[in-house]
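K.L.:
Residue numbers (full-length UniProt numbering): 1 to 285.
Hints in this document: simulated from the structure, not taken from any laboratory.
Treat the hints with caution; some may be incorrect.
No farther apart than 35 Å at their CA atoms in a straight line, the calculated lysine-lysine pairs in the DSBU-like style are these [what the hints assert, rightly or not]: (1) 92 - 105; (2) 105 - 186; (3) 92 - 186.
The structure presented is a predicted model; accordingly, all values stated were derived computationally and were not measured.
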Amino acid sequence: MENDQDETPFVPVDALPLSVRPLFPYRQFNAMQSQCVDVAYCSDRHLVLSAPTGSGKTAVLEMCLARLWSSEAWCAEARGSRAAAVYIAPLKALTAERLDDWRQKLAGSEIQICELTGDAEADQEAAAERADLIVATPEKWDAFTRFRRSAHSVLARVSLVLVDEIHLLADESRGPTLEAVIARMKLHAQSPDTRTCPIASLRLVGVSATIANLEDIGAWFGPQCAILEFDSAFRPVPLSWHVLSWQMNITYRFDEELRRHVFQVVRSHCNSRPTMVFFNSRENA
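Model the full assembly from the supplied sequences, consistent with the hints where possible.
P.N.:
So, in structure tokens, the structure goes:
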């Protein structure tokens, strides 16, 4: 469902419990985030979110964490048995960024965060068993859930899975691993052996700036999955588009011909400022 920015009342952060407000170091949510509060924080529904880069999707993931960590059931459980969350992102740089940010925000709380890196296996197993939030790439989470001795007990505690850049499900090299770890979580959630464990009420949340098949992913996540889509009007910085074309006489030299024009195009638009250029392959870059 697409959303209208003009009709959005901004939700103040102090509408959330005091214990989770450190996750949100600002006074109010922006337009996109405000429209996500009902689903992300006020419900336990699966969620697939597509919103422009820089619009604040991480805060929506944090709303889901806030709901988990402020629930009466979570607060009443002892460490090691209460529900945990897993954050999965495709790049180690992205997981490291999230890890540093969350550790700073939650420094004064009892929330324990664990990163799976593949190093110091025994220490990481112990940390994962105590963790309230586990941060990992798809490959590291896949390896942990398949090969570690403590995997079953850790999996049984996971009730929330946050997937960043979920459009990589379509990636030929990394997509199968991401699909496998999500499918494994769904399978454990449906197992008779875990029906009294937190994973029995597993919640899946996926976000990205570019998802072509939102409905398909939502149907795969499960019934009643919320699908939220926000267009470029929700970008914090306006984006202008210019479409250029040139006559091409030799089809097989298409990429080479385009590269010849890159310098002049950048020069005419950059106003002497740093410029980022995207190519469709490393070879062309």
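K.L.:
Are any of the numbered hints broken by this structure? If so, which, sorted upward?
P.N.:
Hint check: nothing fails, all pass.
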